[in-house]
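Peer 1: Everything in the sequence shown is counted per the working numbering, starting at 1 for the first residue and increasing by one.
Hints are not guaranteed to be accurate.
[Unchecked claim] Here are the simulated distance ranges between beta carbons:
hint	residue 1	residue 2	range
1	128	69	34 to 44 angstroms
2	99	77	16 to 26 angstroms
3	56	76	21 to 31 angstroms
4	77	133	47 to 57 angstroms
5	130	94	45 to 55 angstroms
6	5	80	29 to 39 angstroms
FYI, nobody ran anything at the bench for these hints, they're computed from the structure. Backbone N, C-alpha and C define an ideal beta-carbon position, used for all residues, glycine too.
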Amino acid sequence: AIRRNYSVWTITLVVIPQHLLVILTGFEAYVLSVINLGEYLQRRRLGKLIVSAELITHGLCAFGIYLGRFQRFNSWDLVAQPNSLVKGMIHDLTSKGPLLVMAVTFVVLTVFYWMMKQITLGIMIRMRHQRSGSAASG
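Using the sequences plus the hints, can you model the full thing?
Peer 2: What follows is the structure in structure tokens.
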């Protein structure tokens, strides 16, 4: 958008908020998916594994984000060029720089997930409370 010679006001008031909304929506979908994983584990009487499952999910996502953003791999590379993918993964998992990037990504994902999870669960509780209150009065 910046390269198209938009005014600073257009970028500030339209382009940036639009991108932030899309990023927030995508991350909220991630949060809801991981919450659903926890609810699934709870129904299966595996509630003690929820935190471990969440952390493993964040770790795998951090690894995937690194492969996609820095190594420029895509999901189809698993089929199209598996040797290159495996070599790249082994190199990245044995080098300090990539591990640091993955660790920072993991921390950022975990912190933002926890914050968004609290907000999401709070909204869900409030909505359930409002529904039960309106059903009781109606």
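Peer 1: For every hint, state whether the structure bears it out.
Peer 2: Results for each hint:
1. 128 / 69: 34 to 44 angstroms: With a Cβ separation near 38 angstroms, residue 128 and residue 69 satisfy 34 to 44 angstroms, so the hint holds.
2. 99 / 77: 16 to 26 angstroms: Holds - the Cβ-Cβ distance for residue 99 and residue 77, about 21 angstroms, lies within 16 to 26 angstroms.
3. 56 / 76: 21 to 31 angstroms: Check passed, 24 angstroms falls within 21 to 31 angstroms.
4. 77 / 133: 47 to 57 angstroms: 52 angstroms, holds
5. 130 / 94: 45 to 55 angstroms: The hint (45 to 55 angstroms, Cβ to Cβ) holds, given that residue 130 and residue 94 are roughly 53 angstroms apart.
6. 5 / 80: 29 to 39 angstroms: The hint (29 to 39 angstroms, Cβ to Cβ) holds, given that residue 5 and residue 80 are roughly 37 angstroms apart.
The structure is consistent with each of the numbered hints, conforming to all of them.
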